[in-house]
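Read off the chains here:
2 protein chains.
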Amino acid sequence: MTEVVVAVVDAETPGNVGTIARAMKNFGLSELKLVDPPPLDPDGEAYGMAGHAREDVLPAAEEVTFDHLVERYHTVGCTAITNEDATKHVRYPFVTPRELADDLRDLAADTAVVFGRERVGLTNDELARLDRVCSIPASADYPVLNLGQAATVVLYELRDLTVDRTQHPDGVHDRADDRAIEGLHDQFASFLDAAGHPEEKQAKAGRLWRRLLGRAHPTGREVRTLRGIFRRAEGRIRRNAPEE
Amino acid sequence: MTEVVVAVVDAETPGNVGTIARAMKNFGLSELKLVDPPPLDPDGEAYGMAGHAREDVLPAAEEVTFDHLVERYHTVGCTAITNEDATKHVRYPFVTPRELADDLRDLAADTAVVFGRERVGLTNDELARLDRVCSIPASADYPVLNLGQAATVVLYELRDLTVDRTQHPDGVHDRADDRAIEGLHDQFASFLDAAGHPEEKQAKAGRLWRRLLGRAHPTGREVRTLRGIFRRAEGRIRRNAPEE
Chain A
1 MTEVVVAVVD AETPGNVGTI ARAMKNFGLS ELKLVDPPPL DPDGEAYGMA GHAREDVLPA
61 AEEVTFDHLV ERYHTVGCTA ITNEDATKHV RYPFVTPREL ADDLRDLAAD TAVVFGRERV
121 GLTNDELARL DRVCSIPASA DYPVLNLGQA ATVVLYELRD LTVDRTQHPD GVHDRADDRA
181 IEGLHDQFAS FLDAAGHPEE KQAKAGRLWR RLLGRAHPTG REVRTLRGIF RRAEGRIRRN
241 APEE
Chain B
1 MTEVVVAVVD AETPGNVGTI ARAMKNFGLS ELKLVDPPPL DPDGEAYGMA GHAREDVLPA
61 AEEVTFDHLV ERYHTVGCTA ITNEDATKHV RYPFVTPREL ADDLRDLAAD TAVVFGRERV
121 GLTNDELARL DRVCSIPASA DYPVLNLGQA ATVVLYELRD LTVDRTQHPD GVHDRADDRA
181 IEGLHDQFAS FLDAAGHPEE KQAKAGRLWR RLLGRAHPTG REVRTLRGIF RRAEGRIRRN
241 APEE
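Just so you know, the protein sequences line up as chains A and B, in that order. Position one of the first sequence corresponds to residue 1 (the numbering used here), numbered consecutively onward. Position one of the second sequence corresponds to residue 1 (the numbering used here), numbered consecutively onward.
Hints listed in this document are in silico derivations from the structure and should not be mistaken for laboratory results. Worth double-checking, as some hints may not be accurate.
Given that identical chains are not distinguished, each listed pair holds provided it fits within a single copy or across any two copies.
Claimed, not checked - List time: in silico DMTMM-like cross-link candidates among lysine to aspartate or glutamate, alpha-carbon distance up to 25 Å:
| no. | residue 1 | residue 2 |
| --- | --- | --- |
| 1 | Lys-204 | Glu-3 |
| 2 | Lys-201 | Asp-125 |
| 3 | Lys-204 | Asp-67 |
| 4 | Lys-201 | Asp-103 |
| 5 | Lys-204 | Asp-178 |
| 6 | Lys-204 | Glu-71 |
| 7 | Lys-201 | Asp-131 |
| 8 | Lys-204 | Asp-177 |
| 9 | Lys-201 | Asp-36 |
| 10 | Lys-201 | Asp-186 |
| 11 | Lys-201 | Asp-67 |
Let's have the full structure, built from the sequences with the hints guiding it.
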């Protein structure tokens, strides 16, 4: 199984290290490696930005050398600035974070995802020593993400590899079965008639209702609730109607 | 054509507003709406975190009310905390940011993506007034992202919309305007009462109806037709009701 670690090279701002630690914990990663880090004061900005990661990811962060990363891991360098063509191989070819996730899924190699310093990122010399280049697709007008934000996006894309279970319940959308939905359609038709919708327009209104539900994919509870509401309304109309 | 704006409700930390502005510029968005914002000092943290967005997105940010967002836009509330099943409609059903991007691609409705305050996010009362709920899949052990990081992930996922929009200029789906949809919600609430839906369950049924329409994106014709049907049904019930 692939182990994924996060490495930050020469960060200047402790807050960014804390932000990255938090994103790691949000997306199921725990091993943080720091090359030439700034001082991380437990009362300072790094711990302030780390959320719950202040309890584990951040205090367990290990200071390492760039050489260690290159020797020990399959390495992926993240950069906003790419080369546009194949003539320069320092920053080309590159993958997007989503492609990286797909790629690592089938890989059995411990991997270090490497982020560079705030202003200039990873240098050409550093990138030349890393195995792959990863770049976040962003606006051509302003493709340079903040370090902490870039790491958040990359780790978000890697979540399927690293998170055992998310906070989202299984079967996110519990659509009603079709018989229940048809029952709601029948009830709506009957309600329409009771409500006095013009007879020649009832079929059309029924189709409109069918299209709307067809897009909404109602849950079982929604169908039961709406059916009950229309039945009750119909009952009130018919019960109260003056004798004709 | 879908316009996407970003709204931040009751942020405490100017730095987070700056981070969000930067992510907006990175991913091709420009309209920032602020409800009860903290002071944004041009020499302070918001501008310090905004990168190049300090030149346009941040100074152009507009202070608005929560009511304005509800009335003017198709609204998507972002939250880390979801309901686990279909019994509670304040936070269920929800979409992931990627599903949201797919959904908005075919929609012709101005959309506000709404983020809440740092510690507690959007309240249940606020979420109940928004059309859809969006939640970032994250570790069950620690699903709560920092505000700026959450916004970065959501806006990253929406990035393709800007590009697709220029490729497919015609709106595929002619959604009703938001005032008309709010009018339908009001009419539905009044109809529910007339239909004798138990008073203590009326708000819940209203939320269920809001979630359903939030997914269905009703057209103007659908909204007018349904509003007419509910108004007519309500009229029949009230007119025919025995004197009490």
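For each hint, the structure was consulted:
Taking the closest pair of Cα atoms, Lys-204 and Glu-3 never come within 25 Å of each other, the shortest separation being 30 Å inside a single copy and 32 Å across copies. With identical chains, the CA atoms of Lys-201 and Asp-125 are at most 25 Å apart within one copy only, with a shortest distance of 15 Å there and 38 Å across copies. Taking identical chains as interchangeable, the C-alpha atoms of Lys-204 and Asp-67 lie at most 25 Å apart only when both belong to the same chain, with a minimum of 20 Å there against 34 Å between chains. Taking the shortest Cα distances, Lys-201 and Asp-103 never come within 25 Å of each other, neither inside one copy (30 Å) nor across copies (31 Å).
Taking the closest pair of Cα atoms, Lys-204 and Asp-178 come within 25 Å of each other both inside a single copy (21 Å) and across two copies (24 Å). Proximity of Lys-204 and Glu-71 under a CA criterion of 25 Å is satisfied intra-copy only: 20 Å inside one chain copy versus 29 Å between copies. For a Cα distance limit of 25 Å, the shortest separation of Lys-201 from Asp-131 inside one copy, 19 Å, qualifies, whereas the shortest one across copies, 29 Å, does not. Both within a single protomer and between protomers do Lys-204 and Asp-177 lie at most 25 Å apart by alpha-carbon distance, with minima of 24 Å and 22 Å respectively.
In this homomeric assembly, Lys-201 and Asp-36 never come within 25 Å of each other (Cα to Cα): the closest approach is 31 Å inside a single copy and 47 Å across copies. Taking CA atoms no more than 25 Å apart as the test, Lys-201 paired with Asp-186 passes in both settings, with 16 Å inside one copy and 24 Å between copies. In this assembly of identical chains, Lys-201 and Asp-67 lie within 25 Å of each other by CA distance solely inside one copy; the values are 24 Å within and 36 Å between copies.
Hints 1, 4 and 9, counting from the list given before, are not met by this structure.
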